[in-house]
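Student: Here is what each chain is made of, one letter per residue.
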Amino acid sequence: MIAHSVFFYIFSLIAIVSAVMVTVSKNTVHSVFFLILDFISISCLFIMIGAEFLGMIMLIVYVGAVAVLFLFVVMMLNVAEQKGQWFSSRWDGGTHIPVGLLVSLIIFFELIIVIGGWKYKPDLLNSLSINISKEVTNTRSIGNVLYTDYILLFQISGMILLVAMIGAIVLTYRERAGVKRQSYVKQISRERDEGVDLVEAERNKGVKIDA
Amino acid sequence: MDSYFSILFTEVYKILFLLVPVLVSVAMIVWLDRRVWAFVQKRRGPNVVGPFGLFQSLADALKYIFKEIIIPASSNKLVFVLAPVVTMTLALISWAVIPFDEGFVLADINVGILYLFAVSSLGVYGIIMGGWASNSKYPFLGAIRSAAQMVSYEVSIGVIIINVLLCVGSLNLSDIVMAQQNLWFVIPLFPMFVIFFISALAETNRPPFDLPEAEAELVAGYQTEYSGMMYAMFWLGEYANILLMCAMGAVLFLGGWLSPIDIFPFNVIPGPFWLIFKILFLFILFALVKATVPRYRYDQLMKLGWKIFLPFSLFYVVLTSSFLLYFDLLPGK
Chain A
1 MIAHSVFFYI
11 FSLIAIVSAV
21 MVTVSKNTVH
31 SVFFLILDFI
41 SISCLFIMIG
51 AEFLGMIMLI
61 VYVGAVAVLF
71 LFVVMMLNVA
81 EQKGQWFSSR
91 WDGGTHIPVG
101 LLVSLIIFFE
111 LIIVIGGWKY
121 KPDLLNSLSI
131 NISKEVTNTR
141 SIGNVLYTDY
151 ILLFQISGMI
161 LLVAMIGAIV
171 LTYRERAGVK
181 RQSYVKQISR
191 ERDEGVDLVE
201 AERNKGVKID
211 A
Chain B
1 MDSYFSILFT
11 EVYKILFLLV
21 PVLVSVAMIV
31 WLDRRVWAFV
41 QKRRGPNVVG
51 PFGLFQSLAD
61 ALKYIFKEII
71 IPASSNKLVF
81 VLAPVVTMTL
91 ALISWAVIPF
101 DEGFVLADIN
111 VGILYLFAVS
121 SLGVYGIIMG
131 GWASNSKYPF
141 LGAIRSAAQM
151 VSYEVSIGVI
161 IINVLLCVGS
171 LNLSDIVMAQ
181 QNLWFVIPLF
191 PMFVIFFISA
201 LAETNRPPFD
211 LPEAEAELVA
221 GYQTEYSGMM
231 YAMFWLGEYA
241 NILLMCAMGA
251 VLFLGGWLSP
261 IDIFPFNVIP
271 GPFWLIFKIL
281 FLFILFALVK
291 ATVPRYRYDQ
301 LMKLGWKIFL
311 PFSLFYVVLT
321 SSFLLYFDLL
331 PGK
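Those sequence lines, one after another, are chains A and B.
For the record, in the first sequence the residue sitting at position 70 is 70 according to the numbering used here, with numbers rising by one throughout.
For the record, in the second sequence the residue sitting at position 77 is 77 according to the numbering used here, with numbers rising by one throughout.
Just so you know, these hints were derived from the structure itself, not from any lab.
The reader is advised that the hints may include incorrect statements.
[To be verified] Okay, derived cross-link-like pairs now, DSBU-like style, lysine-lysine, Cα gap no bigger than 30 Å in a straight line:
| no. | chain 1 | residue 1 | chain 2 | residue 2 |
| --- | --- | --- | --- | --- |
| 1 | B | 290 | A | 186 |
| 2 | B | 77 | B | 137 |
| 3 | B | 67 | B | 290 |
| 4 | A | 26 | B | 77 |
| 5 | B | 77 | A | 180 |
| 6 | B | 303 | B | 137 |
| 7 | B | 77 | B | 14 |
| 8 | B | 42 | B | 290 |
| 9 | B | 42 | B | 137 |
| 10 | A | 186 | B | 63 |
| 11 | A | 186 | B | 307 |
| 12 | B | 290 | B | 307 |
| 13 | A | 26 | B | 137 |
| 14 | A | 180 | B | 307 |
| 15 | B | 307 | B | 63 |
| 16 | A | 186 | A | 205 |
| 17 | A | 180 | B | 137 |
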């Protein structure tokens with residue numbers, strides 16, 4: 001049990017410190033790396049409470065895919081220089097502090113509501129959570145709930161994601177003129193007759209091709 | 001506390017018992033790779049150091065150790081040093097869940113295949129970190145290419161894994177092997193095996209998909225600025241990843257430690273040997289592909305991943321699940 005709590009404190013400490021470092025660090029790419037470290041330690045915490053499926057999905061989706069895109073954007077757009085200006089009023093777009101304060105206030109009140117409910121009614125958590133049996137793996141128990149009771153919500157969220165994806169593609173797609181594309185069918189079905197042209201060249205005149 | 005430490009020491013002992021053979025075999029398969037490559041091209045390959053040149057990799061490693069490690073002045077030093085360490089660590093920790101025989105596995109976790117998939121999707125960070133921290137054009141371009149390539153091919157590997165899981169009904173790797181006792185999945189899921197093999201080539205940046213380090217365009221891609229032992233760690237991590245992908249293919253499709261036929265001369269050979277044979281078989285296929293196939297163009301690579309492999313493997317998921325449903329073969333009710 002001691003080892004368990006030692007690991008719990010190690011992972012939570014890493015999670016909190018890296019979460020703070022995400023906002024504090026000057027270099028934007030470092031921020032993303034700290035975000036990744038945060039995701040990893042959170043998924044370690046998930047695994048420690050026995051939610052191994054959630055922990056692994058967290059790693060695959062957030063660290064393996066989402067954070068890679070974050071890194072791409074941050075590396076390509078060179079946000080590094082802007083980040084320093086966000087918190088100083090010298091930037092001509094004004095500061096982001098009011099908006100940031102608003103968002104963090106909202107999150108703070110949400111946290112108070114969640115934790116307050118917990119304090120107010122100590123058996124709330126037990127009554128809400130589904131009984132976890134040791135025999136059934138949690139992949140199976142998630143599947144049992146997700147695809148029976150919550151199938152509609154699950155499908156709707158899938159649809160919303162699909163619409164969002166198509167929307168993003170439509171918004172950013174632009175047809176470019178003059179792009180040469182390779183067509184395998186065209187290449188393979190090319191015959192000698194259309195490929196080779198025999199020309200009777202006149203002496204001292206030359207031949208004009210590509211006419 | 002005492003019991004905790006005794007558990008810790010036995011675990012460390014077990015981990016060393018696994019890691020040392022893995023590292024030695026990584027060195028050996030580098031030699032094997034070069035030999036196979038040479039034989040295809042009618043050359044001799046490394047044959048000087050030791051019998052048949054077996055110790056060539058050790059000699060190379062020694063050379064790398066004594067070379068100077070150069071850290072570029074304008075690089076981001078911490079990330080630059082961390083990148084090969086990340087690559088190497090991620091390549092090694094995934095071996096924890098590979099089952100070598102029934103019960104002969106370091107960590108027999110319920111979500112083994114997800115763990116493998118998660119760790120292999122983390123592998124991209126070693127490359128991005130290396131490419132970005134070098135603060136130079138070629139490594140950065142190589143890293144971006146490689147990241148895009150690995151993320152794309154991971155998607156199709158994930159869908160292929162779903163195909164296998166539909167037939168097994170469990171995410172545990174030992175269960176996956178035991179489900180193949182009657183029929184290896186390579187037979188009913190043969191198209192998936194082929195796609196898995198090609199995606200594994202792309203995932204490990206092997207030829208014909210070695211665009212991240214295409215020497216004609218990008219010098220050496222993300223590892224251009226690396227030297228000495230740090231370069232060697234990238235290189236070891238890469239080969240450990242290749243070996244891991246072969247092990248994953250052997251476990252998912254070729255029946256892991258199971259012998260091909262359960263009759264006398266075959267079932268005497270212990271399970272781990274069968275797994276090693278299968279890994280070697282897949283690895284020799286990898287080496288033969290490297291020796292024979294020309295490099296893909298980048299747009300062809302992306303087209304293959306997103307427009308051919310992904311729709312086809314998704315279609316196969318529908319096919320497999322409807323087949324299992326229709327004939328009432330769905331496992332694990």
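Student: Please list, smallest to largest, the hint numbers that this structure does not respect.
Tutor: When the structure is compared with the hints, numbers 5, 7, 9, 10, 15 and 16 turn out to be violated.
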